[in-house]
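K.L.:
Chains as they are written, first to last, in this note's numbering: chain Z, 1 to 496; chain G, 1001 to 1336.
Note that these hints are calculated values from the structure, not bench results.
Among the clues, some could well be false.
[Stated by the list, open to error] The calculated SDA-like cross-link candidates involving lysine to any residue, where the alpha carbons are at most 25 angstroms apart (straight line), are: (1) G:Lys1136 / Z:His66; (2) Z:Lys340 / G:Arg1283; (3) Z:Lys360 / G:Glu1220; (4) Z:Lys264 / Z:Ser323; (5) G:Lys1136 / Z:Glu306; (6) G:Lys1136 / Z:Gln308; (7) Z:Lys340 / G:Arg1224; (8) Z:Lys340 / G:Asn1229; (9) G:Lys1136 / Z:Gly269; (10) G:Lys1136 / Z:Arg325; (11) Z:Lys360 / G:Asn1099; (12) Z:Lys48 / Z:His66.
Okay, here's what each chain looks like letter by letter:
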Amino acid sequence: MSIAVEFSNITKAFGPVRVLREVNLALVRGRVYGLLGENGAGKSTLMKILAGYEVPSSGELRIDGHTTSFQGPRQAEAAGIVMIHQEFNLAEDLTIAQNIFLGHEVRRHGLLDDQAMRAKTAELLKQVGLAAPPDIKIRHLIVAEKQLVEIAKALARQARLLVMDEPTATLTPGETERLFKLIGQLNAQGVTIIYISHRLDEVERITHEIVVMRDGRFVAREETRHISRRHMANLMVGRELSDLFPPKQLVALGAKHPVLRVEKLSVRGWVTEASFEVRPGEILGFAGLVGAGRTELFEGLLGLREHQAERVELDGHPMHWQSPRGAADEGLTYLSEDRKGKGLHMDFGLRENLTLMALKRYASPWLRPEAEASALRTAVQSFGIRTGSLHIRASALSGGNQQKLALAKVLHPDPRVLILDEPTRGVDVGAKRDIYFLIQKLAGEGRGIVVISSELIELIGLCHRVAVMRAGRLQTILDASHLTEEELIAHATGTN
Amino acid sequence: MPPEPTENVRPPSAGGNAAPWRRLHGAGPILGLVILCTLGTLLNHDFATFDNAMNVLTRTAFIGIIAVGMCFVIISGGIDLSVGSMAALIAGCVILLMNKLGNVGFSPVAAVGLGMLCALLIGGSCGFLHGLCITKGQIEPFIVTLGTLGIYRAYLTYFADGGALTLDNTLSDTYSPVYYASLLHIPFPVWVFIAVAAVGGVILNRTAYGRYVQAIGSNEQVARYAAVNVDRVKVLTYVLLGVCVGIATLLYVPRLGSASPTTGLLWELEAIASVIVGGTVLRGGAGSITGTVVGAILLSVIGNLLNLTNLTSVYLNAAVQGFVIIIVAFLQRRRR
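Modelling step: build the complete structure from the supplied sequences, incorporating the hints.
P.N.:
Given below as structure tokens:
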């Protein structure tokens, strides 16, 4: 009952940006595959093609030997292929039963047969091990329960191939265990499973075979039991990890004041009394699970969220700003993790994006577009932004170049302290390396840098110290020079 | 291990190809206006006269001036439904004030001058009130201004006791040149219209504030994270619009010398239509003052043309304008 899949010369481009390049890959039926690759490697796009959400620009998809081209996820579902996304596709205000049968409602005499759908839902929920009534609204479920509803939905569609994109990113260890048991059961029933995850220990545990992608290409496949985690990581990055990061410079200890000092900052519902300081020239990392409150801590610090703080100091002077404007005027800027939603104006030109945070500099009182244009030329040069033209919208740049533009933008007011939230998300390896060296250079100029990241390798490789947050509390600050990933995970999950 | 891919240089962007099309897009309203005027000239020889042109422009001035302010509000992602009622309220208050000042012994010129100043103040205050409700109160602009749409007109009706408020004759004589006078054969309201549009264009395109307005409309979150003082900029757009309504009203009052519950009726729709016909997208982010001005003129030329010719019944004027708005929206639907 399971499905065999074959990708043949699959290419996908979004405008000028090519995200998949001639991927050839055949997956046999009934196995559990781990799909590995860094952010932006093309994993999700490839899986979206498989599940009917995207159409390849060229190449063929063969299901059980037949060339197929899905015109939408419904067709893929009809063929037994279901994808569970990182962000759930659930209507928050509908009940579990209504969500599970959304678009596939059971009818009797032309009217909805709620009773039958509820009964079937109860059965499915039992199967996935979710003890919730079918009539409860999705809004009232916690994340792990939503995950289980998604799986129940997939079962209702009689999935024969199930794609899971980072399913454990928001689960606790207990919930993860339950998910793994369910995956085992499904696989035993013959369902082919493709499991996308950054957590190599999980991949090692539950998959039969791993497939590695990098920069839109298929790179390698290997039986899971024949490969070490370190080797997996090297395949993902494409080089020895040590080459990726600049050598760490020593932090000048002579400075009288830390460049940023925060005492007992709280953000209601997210962060409880976090205290830390950043010295001039230091890169301080922030590690933690999703929902640990790292982003919220800094959004609070900027005045984007309501917060209380006992003391915030910049270069020894007490600060009282209430908004990002105030913070930028005092010398602290923030790069958001959400590039499209909070970082760049995608439908603005490069010039308008670059100068927005320091626009006053170009207004006297009339704006001087020539001065802005020359600032853009300088930025394109010094940040290595690759673009064919200076007169395009930000959306036309590739992810890595957008990120460099976003960095140039938050640096434009010339801040003393720079908060970088997931600075390399969705960026290819080459651009990643550029960004690491840039961060190092900025620290070398005596600025204080904070890097929030979910990639532990990045934190260990780049930062001087790493602060670990768990459930809104700053647990500890560790020296990064002898830090291991295991140690960081242990602190982040509270299992040390 | 396969070698690191090095060819990261992207092909030249497609932006170069898209530019001429986009430029053509901006010229759409102007093209429409040219076609209409050609049509008008062919259909009726009274159309292409200087007098008729000035007549149309003078009538356009009120809506056009409001539309310039509305353009800022819409670009920032907001809307103001109350401008017609606001104009009525301002007209009523100004007349009451002028009459009062005239009665207590102010010279007619002083009374009229103070009244005009008051029009601007009331407009600005109304806008400020909207801005506060929308930013600090976090209520949708649609809801806030829907509420004040009713409130303003009800108060005018109450002040006028259901009838009309009329300016005293001596004051009316002093005030009338503001509407009827002309300079270099161009009526005074048209001069004001030109000035407001020019100032609006400069503010939108050549100041930091104008850039912020566009940034907020394009993506408010991004603007907020980019240290733009979103609330202040938004409040200012409503104040700006309020002042524009004040200017339009102080030009309008001397025309009839009275205000009634029907003063400024449906002006909000005409102003919004002008902005949209001019190529500004209702969801905000980008727009143009030139387009808005042309849009306002276009809509009144349609009315003028239908009055001068017998193409359709005059009762269908509004229908023709409605069709134009929908057609323009249809042509613009692929812009994003």
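K.L.:
A separate judgement is required for each hint: does it hold in the structure or not?
P.N.:
How the hints compare with the structure:
no.	hint	verdict
1	G:Lys1136 / Z:His66	59 angstroms, violated
2	Z:Lys340 / G:Arg1283	18 angstroms, holds
3	Z:Lys360 / G:Glu1220	19 angstroms, holds
4	Z:Lys264 / Z:Ser323	19 angstroms, holds
5	G:Lys1136 / Z:Glu306	14 angstroms, holds
6	G:Lys1136 / Z:Gln308	20 angstroms, holds
7	Z:Lys340 / G:Arg1224	13 angstroms, holds
8	Z:Lys340 / G:Asn1229	20 angstroms, holds
9	G:Lys1136 / Z:Gly269	22 angstroms, holds
10	G:Lys1136 / Z:Arg325	17 angstroms, holds
11	Z:Lys360 / G:Asn1099	46 angstroms, violated
12	Z:Lys48 / Z:His66	18 angstroms, holds
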